[in-house]
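These protein sequence lines map, in sequence, to chains R and F. Reading the first sequence from the start, the letters are residues 64 to 367 in the numbering used here. Reading the second sequence from the start, the letters are residues 422 to 699 in the numbering used here.
Note that these hints are calculated values from the structure, not bench results. Errors might be hidden in some of the hints.
[Unchecked claim] List of simulated lysine to aspartate or glutamate pairs, DMTMM-like, C-alpha gap at most 25 Å:
no.: 1; chain 1: F; residue 1: 697; chain 2: R; residue 2: 228
no.: 2; chain 1: R; residue 1: 139; chain 2: F; residue 2: 549
no.: 3; chain 1: F; residue 1: 697; chain 2: R; residue 2: 84
no.: 4; chain 1: R; residue 1: 193; chain 2: F; residue 2: 442
no.: 5; chain 1: R; residue 1: 191; chain 2: F; residue 2: 442
no.: 6; chain 1: F; residue 1: 697; chain 2: R; residue 2: 244
no.: 7; chain 1: R; residue 1: 202; chain 2: R; residue 2: 214
no.: 8; chain 1: R; residue 1: 125; chain 2: F; residue 2: 549
no.: 9; chain 1: R; residue 1: 202; chain 2: F; residue 2: 482
no.: 10; chain 1: R; residue 1: 272; chain 2: R; residue 2: 293
no.: 11; chain 1: R; residue 1: 80; chain 2: R; residue 2: 269
no.: 12; chain 1: R; residue 1: 139; chain 2: R; residue 2: 216
no.: 13; chain 1: R; residue 1: 170; chain 2: F; residue 2: 442
no.: 14; chain 1: R; residue 1: 202; chain 2: F; residue 2: 480
no.: 15; chain 1: R; residue 1: 260; chain 2: R; residue 2: 228
no.: 16; chain 1: R; residue 1: 349; chain 2: R; residue 2: 320
no.: 17; chain 1: R; residue 1: 170; chain 2: F; residue 2: 549
no.: 18; chain 1: R; residue 1: 312; chain 2: R; residue 2: 334
no.: 19; chain 1: R; residue 1: 193; chain 2: F; residue 2: 528
no.: 20; chain 1: F; residue 1: 619; chain 2: R; residue 2: 120
no.: 21; chain 1: F; residue 1: 697; chain 2: R; residue 2: 123
no.: 22; chain 1: R; residue 1: 125; chain 2: R; residue 2: 303
no.: 23; chain 1: R; residue 1: 349; chain 2: R; residue 2: 269
no.: 24; chain 1: R; residue 1: 118; chain 2: F; residue 2: 442
no.: 25; chain 1: F; residue 1: 619; chain 2: R; residue 2: 123
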Amino acid sequence: MSALIQATNLSKSFGSKLVLDNINFEVAAGEPIALIGPNGAGKTTLFSIMCGYLKPDTGDLKLLGQTPGSSALFGKVGALPQDALFDPNFSLLNQLSFYAQLQGMNKAQAHADAMRVLTLVDLADCAKQKATSLSHGMKKRLSIAQALLGEPELVLLDEPTAGLDPMNALQIRQLIAKMAEQATFVISSHNLFELEKLCGTILYLEHGKLVQQRTLTTKIHQGFLTLTLEQGDATQVLKELALVSGVHKVDSAQKNEYLIWFDADLAPDTDLAVLQMLRTHGWRYKSLQHGQSLEQQLFAVANG
Amino acid sequence: MAALAPALNQVRNLWLISRFEILRLFASPRGWFALTAFVIIWYVLLRYPIFQASAGIQDPEIQRILGGMFGMAGMYNILNWPLPELSAYWVMCVVLLPICTLFFAADQTSSDRARGTLRYLMLRTSRDSVFFGRFLGQMLIQSILISLSIAATLAMAWWRLGSLSAGALEAAVIMVINLVIIIAPYTALMAMCSVLVKSSRMAISLAVVGSGIVLGLLGWAAWYLPVLQELMAFVPSAQIPQVLSQHGWSTLQFSGLPLAQTAVFLLIGRQIMQGKSL
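Whole structure, please, built from the sequences with the hints as guidance.
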């Protein structure tokens with residue numbers, strides 16, 4: 064099966080600043096893909112190259128086997144570019160219908176598809192309004208709506224929840240989860256929590272280099288528990304956790320959060336044993352999660 | 422056939438984009454504002470300069486003086502159009518329209534680039550279809566406005582005479598074609614400038630300052646090397662004195678230069694658009 068996205072020796076500089084440094088990766092269609100990295104890591108530059116807004120200095124990038132910006136990708140790749148706004152002179156319906164027509168639909172199909180995507184993002188009631196009358200969260204949902212016009216195979220979302228309140232962010236995460244069966248999403252974000260919940264593959268960029276590419280499978284979750292307590296004496300908790308049968312290492316990641324290594328084959332019920340121990344000591348817990356958090360996985364490797 | 426389909430799609434998109442520009446004029450507040458300004462400006466132009474100039478042209482004495490003046494400049498045919506209103510309209514438009522075009526056609530892609538709207542478009546269509554579609558849209562809009570203004574001029578003449586001759590209608594058609602050709606290089610120049618900057622104001626400044634610098638350098642160089650003076654015959658509007666010296670369909674014989682200038686500006690603008698980051 065051919066790769067959905069394939070980057071080969073991709074580099075891009077702005078002046079003397081090297082923003083992408085010899086990036087190589089290949090991802091297949093399927094579960095959402097997360098593009099992670101600190102500010103200035105090159106995420107938006109990589110996104111812009113994927114969308115065809117920027118050209119790489121060297122190397123090659125292919126989406127669905129085509130060069131970004133190629134006419135063969137029109138309608139197959141949807142994107143939420145960062146900070147792009149709709150034309151303030153036209154209604155949402157008018158512009159979305161226009162975009163759908165550009166994708167090859169006739170007027171009636173374009174109108175129906177524009178209403179479909181507006182309904183998906185819960186903006187159908189605002190169809191006749193102009194983008195200037197929308198809140199920040201609504202504008203973000205509108206931008207996602209335009210990315211879903213037609214039947215895209217690949218949807219690129221650059222910071223889809225940046226600057227949103229928790230309710231709007233949740234709505235967007237739910238929408239992505241719902242649509243992920245129909246298209247492959249590539250999501251760039253700083254929010255590891257939301258990417259962890261949504262994505263199957265992680266691309267981690269740092270200083271313009273691809274530091275990691277990994278797949279979040281059940282296997283890597285095996286043998287780890289992440290425990291979050293409401294409160295408790297860390298020294299005492301660490302000591303008691305270490306005594307639980309099957310546990311061979313315990314660490315305190317941050318306040319009231321503990322990472323537990325155990326033998327998943329020999330002691331598969333370690334989670335139950337941990338809960339039993341908590342009950343015995345009267346320690347109340349907030350969550351007990353199988354596996355390391357995405358943050359722990361990434362930074363454990365990134366920090367060596 | 423399969424290879425032809427994407428090309429045909431881009432032609433279809435070019436038309437959709439130019440049609441959307443027309444919609445912008447007739448169905449958006451910004452367009453209504455521009456149309457209102459257009460109506461007011463043309464009311465003032467028709468009511469005062471054109472009306473009074475056409476009244477003056479009808480006076481045999483003034484006609485004799487103007488004939489002498491225009492004759493000296495080789496433009497005696499200005500007074501030979503079928504209606505004095507058309508003569509006044511013709512001179513005014515030939516001089517003013519290119520300047521108006523610099524302002525009217527300034528925002529072909531610049532504000533969309535600043536706003537990021539171009540990024541939405543580029544996911545669905547080629548840079549060529551956006552660039553040429555916007556240019557075509559501007560040309561269509563200006564053609565509509567020129568037609569409306571000449572219709573108003575004819576209406577004023579009809580109000581004076583009670584009828585219009587077929588010659589007057591034919592002259593109006595010739596003038597519309599001429600004026601569209603005259604503004605084409607200016608519209609293409611603004612298409613090119615619009616690609617380079619992020620606001621219409623900067624596009625106008627770039628066009629005015631850039632043209633001034635080019636003309637200044639050309640004049641300065643021609644001072645030392647007189648043969649370069651020949652290049653002045655290729656700058657936009659260089660054909661205007663010759664156009665004004667003609668009358669009727671023969672005015673169109675000088676269309677080659679503005680059409681070639683249009684092609685050059687569009688090709689340069691297209692190349693910039695292709696390489697421009699969004």
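Quick rundown of the hints versus the structure:
no. : hint          : result
1   : F:697 - R:228 : 35 Å, violated
2   : R:139 - F:549 : 19 Å, holds
3   : F:697 - R:84  : 22 Å, holds
4   : R:193 - F:442 : 17 Å, holds
5   : R:191 - F:442 : 19 Å, holds
6   : F:697 - R:244 : 35 Å, violated
7   : R:202 - R:214 : 21 Å, holds
8   : R:125 - F:549 : 21 Å, holds
9   : R:202 - F:482 : 67 Å, violated
10  : R:272 - R:293 : 38 Å, violated
11  : R:80 - R:269  : 14 Å, holds
12  : R:139 - R:216 : 5 Å, holds
13  : R:170 - F:442 : 17 Å, holds
14  : R:202 - F:480 : 64 Å, violated
15  : R:260 - R:228 : 18 Å, holds
16  : R:349 - R:320 : 10 Å, holds
17  : R:170 - F:549 : 23 Å, holds
18  : R:312 - R:334 : 14 Å, holds
19  : R:193 - F:528 : 20 Å, holds
20  : F:619 - R:120 : 24 Å, holds
21  : F:697 - R:123 : 18 Å, holds
22  : R:125 - R:303 : 52 Å, violated
23  : R:349 - R:269 : 32 Å, violated
24  : R:118 - F:442 : 28 Å, violated
25  : F:619 - R:123 : 29 Å, violated
When held up to the earlier numbered hints, the structure conflicts with 1, 6, 9, 10, 14, 22, 23, 24 and 25 and fits the remainder.
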